[in-house]
Amino acid sequence: MVSEIRTDDHVRGPADGELVVVYADFTCPFCAVAHERLSERPGVRRVFRHLALKTKHPRAVAVARAAEAAALQGAFWAFHDAVYADQGRVEDPHLWALAERLGLDVARFDADRRSATVAERVQRDTQEAVLAGAMRTPTFFRDGAPDTDLYNDLVRTKR
Amino acid sequence: MSDHGAPPQAGSHRFALPAGTPAPEFSLATEDGGTFTQDDLRGQTTVLVFYPFAFSPVCTDQLQVYEEVLPEFERRGAKLYGVSTDATWSQAAFKQQLGISIPQLSDFEPKGAASRALGAYFEPAGMTNRAIVVFGPDATVLWSYVADSPGDLPGANLILDALDAAEDEERAA
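In order, the protein sequence lines correspond to chains A and B. Heads up: the first sequence runs through residues 410 to 568, numbered per the numbering used here. Heads up: the second sequence runs through residues 437 to 609, numbered per the numbering used here.
Warning: the hint list may mix true and false statements.
Take a look, some chain A residues computed to stay more than 10 Å from chain B by CB distance [stated by the list, open to error]:
hint	residue
1	417
2	423
3	425
4	427
5	449
6	483
7	491
8	496
9	500
10	505
11	510
12	535
13	545
Cβ pair distances, simulated, as ranges [what the hints assert, rightly or not]:
hint	chain 1	residue 1	chain 2	residue 2	range
14	B	479	A	467	34 to 42 Å
15	A	494	B	545	13 to 21 Å
16	B	584	A	562	35 to 43 Å
Stretches of chain A that chain B covers, calculated by requiring three or more beta carbons in the stretch to come under 8 Å of a beta carbon on chain B [unchecked claim]:
hint	region
17	429–441
18	520–526
Just so you know, the hints here were simulated from the structure itself, not pulled from any lab data. These figures come from a predicted structure and were not determined experimentally. Heads up, the beta-carbon is just placed ideally off N, CA and C, and yes, glycines get one too.
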């Protein structure tokens with residue numbers, strides 16, 4: 410089981426929408442597809458949490474931490490959407506440029522993404538997902554349990 | 437492309453060997469050219485993670501996810517090993533590419549002999565099944581699992597729950 414909405418969660422969608430907790434990786438192409446397809450569904454209230462496996466992609470953890478640094482300046486979803494729209498640019502210079510484009514204080518962004526607080530946040534989400542049974546990115550949870558049907562529909566179905 | 441099945445749930449799975457079964461004789465090849473046998477199970481809890489093939493995408497996910505929570509296994513005194521019928525050289529390359537630390541054991545020659553003895557061989561495809569066998573420090577089976585399909589991935593939580601349950605039983609005994 411994973412926890413329901415927390416006060417520090419990243420949430421978007423209507424307050425009375427169907428709650429979907431998405432554990433995802435910014436460097437994972439399946440996660441980008443799932444993001445696009447989930448965005449097409451009306452009435453979904455989405456929670457984003459990190460499933461950043463350090464061995465999966467060399468930039469998985471770094472980009473997750475950068476997203477949390479952007480969140481500290483109120484730009485989590487803008488950062489989220491921008492990275493998923495352009496996953497080929499996730500090295501440090503790309504992240505600095507993105508932070509600047511989003512109007513962030515780049516020096517603060519750079520310090521925050523290397524902070525222990527941000528590292529612990531990403532680690533917390535990832536550990537929680539794995540210990541609740543997540544075995545791939547992305548993993549969707551509904552009612553606290555992994556929802557394979559939603560994964561198959563959003564990720565595995567050809568369109 | 438086939439769909440992924442529903443995630444396995446605790447208590448509703450097939451098992452490779454019944455709990456309490458003493459380890460049969462078996463021999464697997466280690467990465468450094470040595471052997472790993474039933475005698476190496478003694479002294480600590482051992483989790484053998486059988487997977488079909490090195491470099492297949494699903495296996496990649498499985499070992500990378502387990503790697504993420506290795507401290508949870510260590511906290512319970514358990515040591516993980518990956519087991520497949522790939523040659524040690526292939527397993528070493530696989531491990532290196534994944535960037536994982538989980539040691540690999542090869543059941544290459546005679547192919548699948550150890551996996552068959554441990555109830556973890558998938559005869560229809562001539563490969564190790566998606567299976568897990570957990571041995572206690574006395575080399576008897578604590579828990580085991582065989583996937584309904586080799587594409588189904590057992591979550592780390594299933595193994596950790598089994599380790600916790602075994603410890604609870606031991607305390608209660």
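Right, here's what the structure says about each hint:
{"no.": "1", "hint": "417", "in the structure": "21 Å, holds"}
{"no.": "2", "hint": "423", "in the structure": "28 Å, holds"}
{"no.": "3", "hint": "425", "in the structure": "28 Å, holds"}
{"no.": "4", "hint": "427", "in the structure": "19 Å, holds"}
{"no.": "5", "hint": "449", "in the structure": "20 Å, holds"}
{"no.": "6", "hint": "483", "in the structure": "29 Å, holds"}
{"no.": "7", "hint": "491", "in the structure": "26 Å, holds"}
{"no.": "8", "hint": "496", "in the structure": "18 Å, holds"}
{"no.": "9", "hint": "500", "in the structure": "18 Å, holds"}
{"no.": "10", "hint": "505", "in the structure": "26 Å, holds"}
{"no.": "11", "hint": "510", "in the structure": "31 Å, holds"}
{"no.": "12", "hint": "535", "in the structure": "6 Å, violated"}
{"no.": "13", "hint": "545", "in the structure": "5 Å, violated"}
{"no.": "14", "hint": "B:479 to A:467: 34 to 42 Å", "in the structure": "36 Å, holds"}
{"no.": "15", "hint": "A:494 to B:545: 13 to 21 Å", "in the structure": "50 Å, violated"}
{"no.": "16", "hint": "B:584 to A:562: 35 to 43 Å", "in the structure": "21 Å, violated"}
{"no.": "17", "hint": "429–441", "in the structure": "violated (count 0)"}
{"no.": "18", "hint": "520–526", "in the structure": "violated (count 0)"}
Checked against the numbered hints above, the structure breaks hints 12, 13, 15, 16, 17 and 18 and satisfies the rest.
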